[in-house]
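Trainee: Build out the structure end to end from the sequences listed, making use of the hints.
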Amino acid sequence: MARKTYKNILIVKMSSLGDIIHALPSLYALRKSFPEARITWAVHPAFAKILPELPWIDEIFLVDRKKIKDLKYLLSVRKELHSRKFDLVIDLQMIAKSAIIAAFSGCSTRIGYNDAREGSFLVSKPISGPHKHGHIIEQLLDVMRYLGCNCDEIEFPIRDCSKQEETVKAKLAQHGVNGDYVVIVPGTRGEEKKWPIEYWGELAKEFSALGIYTVISGTKNEKDLSEKITGYYTSSYIVDFVGETDLLELAALEKMASLHISSDTGPLHIANAMHTPIIALFGPTKADRSGPYGNDNSVILTAGDGKMSSIAVSTVYDKAKEILKL
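Per the numbering used here, the very first residue in the sequence shown carries number 1; after that it's consecutive.
Heads up, none of these hints are tricks.
Simulated restraints, written as ranges between beta carbons of each label pair: (1) A46 / K228: 19 to 27 Å; (2) D318 / L74: 51 to 59 Å; (3) S310 / K228: 14 to 22 Å; (4) T234 / H133: 41 to 49 Å.
The list that follows gives simulated cross-link-like pairs (lysine-lysine, DSSO-like), each with its CA atoms no further than 30 Å apart: (5) K319 / K307; (6) K4 / K132; (7) K97 / K286; (8) K193 / K307.
Derived from the structure by calculation, the hints contain no laboratory data.
Bear in mind the structure is a predicted one, so any value in this text is a computation, not a measurement.
Even glycine gets a Cβ: it sits at the ideal position worked out from N, Cα and C.
Mentor: Written as structure tokens, this is what we have:
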């Protein structure tokens, strides 16, 4: 049977950073299979900058997270979406808020991936494929396989950040960074996923002894973590870069890094998409479901008992030296 052709497609994946990165291989497969289609992506403004523009996405449709319970706002969203006359909606989030956007699109053909929660299955048809219990990237790609897409390649079409590379280089130079560097991200959502802060301090100290720059990255509200690390051991080789990048600058920072080390967090998945060498620290979350994927330069260290503190500094340090060829 011939594959059905769609001309006007809406993807709904509004948050979070790591989840959006996980959905990019699906965008790649969709665009390769439907090169003439108009593709719109509904996303929260905080994550819009990471999404690619043409030729991958024709329009980025912003949905204000803070207003999503405001009926007047939702009616205006409904009007805007209806005017675009979509013939296919793909809900890659499958929760209540994404179901609302899918329903308000006015499109009768609505599908989504198998993990339907919060009643989203009442709006969009969940698609189960051979990877139902596999990695989230493959689960999302199963939706594309249902549409007849070729999903042999795992590619992450992030927006070009070459201009931001120059900006980041200048910012790093202001901090005295004039060579190769390792990015560490001590923060993550969920205390149980955090590697102990004193471990980060010890690791940065070890890198300093080798003359390797450690660039601490994160959001402004994680400044207390970077201050604890820099307070643990003072060195010109330990640089507090927390709060100094926007989303595309973060992508540039990760792209140019010699190594990224963190637990399960958004920047980890950006580094993975950039094929930067990675050491990923996993404990309570399952790396085989949400860990680095499609990157031959990634190493996953798993806490045997689920407690992050069981991953020794020496283990991470030795693996880092191996990757950096030291």
